[in-house]
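The listed protein sequences derive, respectively, from chains A and B. Numbered per this note's numbering, the first sequence spans residues 1 to 356. Numbered per this note's numbering, the second sequence spans residues 1001 to 1505.
Just so you know, the hints here were simulated from the structure itself, not pulled from any lab data. Predicted, not measured: the structure shown is a model, and the values here were computed from it. Any given hint might turn out to be false.
As the list claims (entries may be wrong) - Looking from chain A toward chain B, a few residues come up when the C-beta cut is under 7 Å (computed): (1) Ala47; (2) Phe49; (3) Pro75; (4) Val82; (5) Leu88; (6) Phe90; (7) His92; (8) Arg100; (9) Tyr101; (10) Gly102; (11) His105; (12) Ser150.
To be verified - Lysine to any residue pairs mimicking SDA-like chemistry, simulated, CA-CA at most 25 Å apart: (13) A:Lys94 with B:Ala1393; (14) B:Lys1223 with B:Asp1104; (15) A:Lys94 with B:Arg1422; (16) A:Lys348 with A:Ala328; (17) A:Lys94 with B:Pro1419; (18) A:Lys94 with B:Leu1495; (19) A:Lys94 with B:Lys1223; (20) A:Lys94 with B:Ile1426; (21) A:Lys94 with B:Ala1411; (22) B:Lys1320 with A:Gly14; (23) B:Lys1156 with B:Thr1182; (24) A:Lys94 with B:Arg1397; (25) A:Lys94 with B:Phe1413; (26) B:Lys1223 with B:Arg1095; (27) B:Lys1320 with A:Tyr12; (28) B:Lys1320 with A:Lys94; (29) A:Lys94 with B:Asp1395; (30) B:Lys1320 with A:Lys348; (31) A:Lys94 with B:Ser1408; (32) A:Lys94 with B:Leu1410.
Cβ atoms here follow ideal geometry from the backbone N, Cα and C, with glycine treated the same way.
So the chains spell out like this:
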Amino acid sequence: MSLLSFQCRHRYRGGFDLDVRFELSDPVTSLFGPSGSGKTSLLGIIAGFLRPDAGRVLLGERVLLDTQQGICLRPEQRKIGVVFQDHLLFPHLKVEANLRYGQRHRRGRRSIEMDRVVDVMELGSLLDRYPSNLSGGERQRVAIGRALLSGPELLLMDEPLASLDASLKVRILAYLERVVDEWNVPTIFVTHSQAEVRRLADWVVILQQGRSVAAGTPDDALSRPEPLALKNSMGPANLLRLDEIEVRGGHAVGRLGTQELHLPASETPLTAPSYVQFLPSDVTLSRHDAPGLSTRNHLQGRVRQLVSVAEAVFVAIDIGQILWAEVAPEAVSELELAVDSPVVCLLKVHSLHVLD
Amino acid sequence: MNKATTGILLLAPLVLIVGCGRSDPEADAPDVVVFAAASTTDAVKRVACRFEKQQGITVRTNFAATSTLAQQVTNGAGADVFISADRAWADRLERNGLVARRCDLLGNQIVIIVAADCPVEVTRAEDLLDPRITHVAIADPHAVPAGIYAREALQKLGLWEQLSPKAVASSNVRQALDYVETGAAEAGIVYATDAVLARSAVVRVELDADLTEPIRYPLLLMKEAEGNADAEALYAYFQESEAAEVFRQHGFRVLDETVASDASRRYPAAKQRPTFFLLSSAEWVALRLSFQVAVCAALAGLPIALAVAYLLARASFPGKWVLEAVVNAPLVLPPVVTGYLLLILLAPRGPIGSVLGDVFGVKIVFTWWAAVVASAVVSFPLMVRAIRLAFEAIDPRLEMAARSLGASRLATFFSVTLPLARRGVIAGWMLAFARSLGEFGATIMVAGNIEGYTNTIPLQIYSMSSEPGGMGQCWRLVVLSIILACGALAVSELLARRQNRHESA
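Chain A with its partners taken away, still in its complex shape:
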């Protein structure tokens, strides 16, 4: 049985059409797509803020919406926690009252212990403050805590990291992982960052112009041409998990299975597991491991897949984990790249971003 079954059609007066169906059963799902693809509308439909023209939404066996039968539960009846992009903490209440707001109206929802949430989200020192005196990251933690304490059966997060700067993102990501581990609340989060999808999601639904174009595990779904063709912050990103990190001669070195990855200098000591993020265009491919290069990182792997997108070819390489390289179409023929050919991936140390 799926956790969430969703099918809806909605036509906006502006002419935008939404027609999406998907089934989810994994604990953490990401709705991924560029802005204007309908992600936030989907969250609105699931949470009950938006009533679509036609559709049916089931949470477990509970019908949240069935336009044919005329069922549309009110938001407060759905037992769905929502974390908004801009947090939307109640400005007239202190942090503690914000957190307890959900608890106060819980009625028949699962009970989550306040103290534990305060511990895990590290909110203890904030309880007596008003939202206007909190930083962006602190507000986000309070917003997540508040949604959790309402005892939801499903947690929806609308771009939870979008309004935060890079270093804060990393910290909040860690909190999100703790939430998933600690309370097993199934979570759907909206994002337009492929790195976030790879980091957090077990399953991803890719949306484009009001349609779902792909769904699957992040490795599968993100290897489709649509996400690979996206540019800039929404474009493809590599995210490798480092199981071990050791410091050798003043430099951090991460372990990827049997291979090693030299990491850029970091102000804080790194602890495993950590993630390293870099762009597919920063990867240079070579058929042979050539000595005498300034590039420090040489990772051995085999080609898994070749995807042509516009004027580039994305090459998926299995180095124990999947790594994407973006190369010119001519390079594919010159290097005679084909599925299963052995390759060496060259990576400059300073093109890597370590996410602790």
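Chain A is fixed; fit chain B onto it per the hints.
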């Protein structure tokens, strides 16, 4: 719209007004202006009409309570001929050197009138004490002659003490008649000449003529009309047999002998009012009453204003503009119109008044509750506006967040929307309170002007200013009104501006 178009639109009415003024050929023609007591309206109109036909002179008339007319004349309104409903006012004008010549023109008497459907059978004045008669309409007993005569008669009968709480003071005697005809008051005391005019069935009870001073209508030729041939002609025409015939048809007695002026009379010398903390006891009563009415009006309006403001701020529905128009109407309607409509609705025979009377046995008009209703209606749009702005300033997604956390629509309203809008709500309340303190037009229509019961500060100022010499006495209440209004406005402004620092982010 560009600036030129806006300019033309703004100027158009001005041009029209100026144009009309110029095109009126009558504007410069010297007319004869007659000020006449309200009780003589119909007769004087007919006499004036005949005079115009015969002499080809335009006569302009102004009818109101003699007290009002006398104040107007004293303040420089240009009257040529003045028909006063009593001699005392004529004497005052004469003393002020405004009168050239005078004679007693007409005689009249006062009668009790009773609405035909009144449950009490009234055969003599004592019957008015019956508790089923809740209100007796009379003209203002301190200033308007018809009211003064009525008070005098009741005092002679020893009934005034008991009846004065029931006495609804109207600004002139015709209004007292209207009150009885509409059922707003069960009984009234008017001139015999007015009772003749009653359109609906009223019972008429004669009062002994010797209960009052002889009721005389002096005819005055004003000083400034002396030597004006047209005015002199009209002054003479009023005394001719042709005019006398008309006056007789309207129930007046026509006097032919000139009675010497009798200057020592009924007006009590300016009352000695005991004062506490600068205010007389009557002023304290008016102040307390004003507060009581304003607080109740603003409180009664609050829940409805909250609901309507929320609806206007958040909901969209067909016909929303109708609701907006109805809510805002009292803001632009003359308060007297609002009062008139309320009187029609709330009068014992009106659609709401009859239900209140039949089902609950309550009569609202001419009680202080009527003042509350009038103030609440008139101040309602101000309160709604302020609260609506406050609601609209709140991000509706905060309400969504509350709903997703499990709060019902109602719980969300009370735990999120209302607390965030509280400053706007309090500011709106204060504004409505201030407006209620100053409410006059609608109040005097539905609540009358009953001393100690419905005479709020503005009504008290109004009645004091129409008493002889009262202008000098009402300054304390005028200052008090200014202080109260400014205070309430200041509090309202202060609250609207001051945002708690932690909520501004």
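Outcome of the hint check:
1. With a least beta-carbon distance of about 6 Å to chain B, the hint placing alanine 47 of chain A at the interface is held under the 7 Å criterion.
2. Contact between phenylalanine 49 of chain A and chain B, as hinted, is supported at the beta carbon level, the nearest pair being about 5 Å apart and thus within 7 Å.
3. Because the smallest distance between the Cβ of proline 75 of chain A and any Cβ of chain B comes to about 4 Å, under 7 Å, the interface hint for this residue holds.
4. For valine 82 of chain A, the interface hint holds, the least distance from its beta-carbon to any beta-carbon of chain B being 4 Å, beneath 7 Å.
5. Hint on leucine 88 of chain A holds. Least Cβ distance to chain B is approximately 4 Å, under the 7 Å limit.
6. A hinted interface residue such as phenylalanine 90 of chain A counts as satisfied when its beta carbon comes closer than 7 Å to some beta carbon of chain B; here the least separation is about 6 Å, so the hint holds.
7. Residue-level restraint check for histidine 92 of chain A holds (minimum Cβ-Cβ distance to chain B is 5 Å; threshold 7 Å).
8. Of the supplied interface hints, the one on arginine 100 of chain A is violated, with its beta-carbon coming no nearer than about 10 Å to a beta-carbon of chain B, more than 7 Å.
9. Given the 7 Å rule on beta carbons, the hint for tyrosine 101 of chain A holds: about 6 Å separates it from the nearest Cβ of chain B.
10. At a threshold of 7 Å, the smallest CB-CB gap from glycine 102 of chain A to chain B is about 4 Å, leaving the interface hint in force.
11. A least Cβ separation of about 4 Å between histidine 105 of chain A and chain B falls short of the 7 Å threshold, and the interface hint therefore holds.
12. With a least beta-carbon distance of about 4 Å to chain B, the hint placing serine 150 of chain A at the interface is held under the 7 Å criterion.
13. Between lysine 94 of chain A and alanine 1393 of chain B the alpha-carbon distance is near 20 Å, which keeps this suggested pair within the 25 Å criterion.
14. Our distance criterion of 25 Å between C-alpha atoms is met by lysine 1223 of chain B and aspartate 1104 of chain B, whose separation comes to about 17 Å.
15. Using a Cα cut-off of 25 Å, the hinted pair lysine 94 of chain A and arginine 1422 of chain B holds, with the two alpha carbons roughly 17 Å apart.
16. Of the supplied pair hints, the one linking lysine 348 of chain A and alanine 328 of chain A holds, its CA atoms being roughly 19 Å apart against a limit of 25 Å.
17. Pair hint lysine 94 of chain A plus proline 1419 of chain B holds up; C-alpha atoms about 13 Å apart against a cutoff of 25 Å.
18. A C-alpha spacing of about 22 Å is found between lysine 94 of chain A and leucine 1495 of chain B, which places the hinted pair at or below 25 Å, so the restraint holds.
19. With a C-alpha separation of about 78 Å, the suggested pair lysine 94 of chain A and lysine 1223 of chain B falls outside the 25 Å cut-off, and the hint is violated.
20. For the suggested pair lysine 94 of chain A and isoleucine 1426 of chain B, the alpha carbons sit about 22 Å apart, so the restraint of at most 25 Å is met.
21. A threshold of 25 Å between alpha carbons decides the hint, and for lysine 94 of chain A with alanine 1411 of chain B the separation of about 18 Å falls inside it, so the pair holds.
22. For the hint pairing lysine 1320 of chain B with glycine 14 of chain A, the CA-to-CA distance comes to about 23 Å; that is within 25 Å, so the pair holds.
23. Our distance criterion of 25 Å between C-alpha atoms is broken by lysine 1156 of chain B and threonine 1182 of chain B, whose separation comes to about 29 Å.
24. At roughly 19 Å between alpha-carbon atoms, lysine 94 of chain A and arginine 1397 of chain B fall within 25 Å of each other, so this suggested pair holds.
25. Taking the CA atoms of lysine 94 of chain A and phenylalanine 1413 of chain B, the gap is about 18 Å. The hint holds against a cut of 25 Å.
26. With a CA separation close to 12 Å, the supplied pair lysine 1223 of chain B and arginine 1095 of chain B stays within the 25 Å bound.
27. At most 25 Å may separate the alpha-carbon atoms for a hinted pair to count; lysine 1320 of chain B and tyrosine 12 of chain A meet this at roughly 23 Å.
28. Distance restraint check for lysine 1320 of chain B and lysine 94 of chain A: the Cα-Cα separation of roughly 37 Å exceeds the 25 Å cut-off, and the hinted pair is therefore not satisfied.
29. This hinted pair checks out: lysine 94 of chain A and aspartate 1395 of chain B have alpha carbons roughly 18 Å apart, not beyond 25 Å.
30. A threshold of 25 Å between alpha carbons decides the hint, and for lysine 1320 of chain B with lysine 348 of chain A the separation of about 65 Å lies outside it, so the pair is violated.
31. With a CA separation close to 21 Å, the supplied pair lysine 94 of chain A and serine 1408 of chain B stays within the 25 Å bound.
32. This hinted pair checks out: lysine 94 of chain A and leucine 1410 of chain B have alpha carbons roughly 22 Å apart, not beyond 25 Å.
Checked against the numbered hints above, the structure violates hints 8, 19, 23, 28, 30; every other hint is satisfied.
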